[in-house]
Every structure is written in structure tokens, then in C-alpha cells.
Amino acid sequence: MNKELEHSFIELLEEHQNIVHKVCRLYTNNYDAHNDLFQEITIQLWKAYPKFRGDSKFSTWMYRVGLNTAITLYRKSKRQVKTQEFDAVQFKIKAEDYDNTEEQQLKLLYQAVYQLDDINKALVFLYLEDKSYKEISETLGISEVNARVKMNRVKNKLKTILNP
Amino acid sequence: MDELELLKKHWKSTGDSDQKLSAKQLYPMLLKKSSSIVKTLFYISIAELVFWILINFLPMLSTSYLDDLEQVYGNNIVLIVLSVISFGVVLVFVYLLYKAYKNISVTDNTKQLMASILKTRKIVKYYVIYNLTMIFISVPISLYFTSLNDTALHDKIIHFTTTQTIVFYLITFVLTGIFVLVFWLFYRLIYGILLRRLNRNYLELKKLEL
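Going line by line, the protein sequences match chains H and B. All residue numbers for the first sequence refer to the numbering used here, where the first residue is 37 and numbers rise by one. All residue numbers for the second sequence refer to the numbering used here, where the first residue is -16 and numbers rise by one.
Misleading hints may appear alongside valid ones.
[Stated by the list, open to error] Lysine-lysine pairs mimicking PhoX-like chemistry, simulated, CA-CA at most 20 angstroms apart:
(1) K139/B - K22/B
(2) K22/B - K112/H
(3) K105/B - K189/B
(4) K193/H - K(-9)/B
Rather than coming from a laboratory, the hints here were simulated on the basis of the structure. Model, not experiment: these values are computed from the prediction.
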């Protein structure tokens, strides 16, 4: 791999790394596992980069590779703690920005999202990132209608958790 | 505020994380080795190919084994044809496996990526089934040929009554069957553990299409 390619890749990754961090935050539950997954996604992005033609945005391409790595390629790290508990610190809910009810709601919502299975997590992730149903369906390989139906189900599920 | 909007608002505010890495920290990551499931599967399938190739062809390197074969089977054309076929089968599997691995792309959509990985695993599975079937068929057949041409064995079983002969072959069949079954279960267990998450997620995606 030549230096120029390496340089342009690092520049793009540095700029858009937040997407990778967000994927890691959703699929891991501690600092070490987060770093392991970040490392693996970086390797997969780098390996696929020579084939990146720029016909889609780098960030769009990153969502796909990042989620594919987290859901399919990544073998759960030994450092992944065996718990479904979500770590409020990872999500940085600052008390000063939200009132008590909102803070409590956010904790419950994150807890619920955290307990979803890998596929539903991906759906919610793309939804939170403001992706259209077309993009969601293209990323996951399901039809647009099904993406919409499934997302509605997840939304309802989350609502029931907050308003039992 | 709508609950999900609240979540979205907070989610977006987590943008500028203090986990931001500098280019200097990112560079060394490019040099690290991947530990993805595809890589693990690749090494396992190579190991499996090599294992069965050695089981099938290593004995051929020994001249005494070849002498024994010649003594038992003579210059039987069937033996030559079978050897050529098994070489051919190995080549076909190597080619199919190579093609399947080339098809795995992290930039495919999630469902397609999972399907490609599972297809690769299926090719290895067929290869193992092929080998186990060959063992199941060939052990009793080679025993039969040996009993005809190997004088030591021939002398021992010549006095067998029909019932004893049937029991003798039945035991051989059952023992070979048990060996094949144990091997198969062991194999299923390894892949079952390795691909549990992938299979579960693939089923979940397929369920969405129903």
C-alpha cells in the first residue's frame, strides 16, 4: 500500500471516526472491548479502502463496514464483560443537561436499546443517525417496507418500556 | 418531548467524544492483524483440507503401503480410477473454497455478507461429509478385498460360518458408523460454537423478510 493511500485514509478516518466510536459504544460494554472493536473496524475499513471508489460518501461506506464488522465479523472480545447492563458512563448522560425525569428516561431507553439483539440495535443505530429507510434497507439487505415495519415495532417496544 | 426524540437528541450530543484519536494514534492500527471470524474460518478450512489430504494421500508415500495395496487389489483399474477421482475432488473443493472466500466482502450489505460466510462454511461441510462417506463406504469394502487376497486374514476367517461372517461385517459397519458419527458430532459442535452468533443474526434478518 502506498503512502498516499495511507495518508488519505487516515485523514478520512480521523475526520469520521465518531461513527466508529458510536458503533463500538452500542456493541460493547466496556473500554477495552470498545478499543478492540474499534481496532477491528479500522482494519476492515483499511483492507476495503482500495476498493472504495467514492461513488458513495465515505461516511455512508463507513456505516456499512462498521456495522458489518460489529454484527458479523467481530468475534466477541475476551474483554467483553458478560452482562447486559449498560454503562451509563459510556453514554455520558450529564445531569446538568437534562431534568430528573429526562435523565431517568434516557437511562431506561439506553438500557432497553442495549438489550436489543444485534440486528435491532443496527436498525435503531441507523435511525438515531437520521438515515432514511432506503439507506437502512440497503445497509442491512432487507426491504424498505420491512425496515419500516421492524423499526415501528422497536419504537413501540421502547415506548412500552417507558410507559408500562 | 417524544421519547425517541429525546434519545435522538442525546445520541447526537455524544458526537464529540473525548475518545477522539489522533492520526498518530490511528496509524499503528493499520499494521495490526485482523481477528475476524472470516480469518478464523479460513484457517480452520485450510487445516481441514490439509488434514483430509494427509489422511488420504500420506500413506501413498510409503512403498510398503503401495506394495500392500498392489498385493490386495492387484493392478486393479478401479483403484487407479478412485485415486484420480479423489485427487480431482480435492482440486474442486480447493477451487470452490477459494472462490467462496474471494466473494466475502465487508462492503456488501449485512445479509449478503452473512450469506457469503455461511456459503463458505457449507463448502467445508460438504467436503467433510464427502470424506466421512468415503470412509464409511471404503472401510468395509477394503476389508472385503483384504479378506480375499491377504493370506493371513483369509486363513483366519475361512472357517467362519455364514452367521459369523455376517456378524463380522456387521460389527465393522457399526464401528465405522460410530467413528463417523462421533467425528461428525465433534465437527458440528466446533462450528456450532463458532458460528452461533452469525447463524442467530442471519435467521433474524431472514425472519424480517417473511
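Next item on the list: List, from low to high, the hint numbers that the structure doesn't satisfy.
Entry: 1
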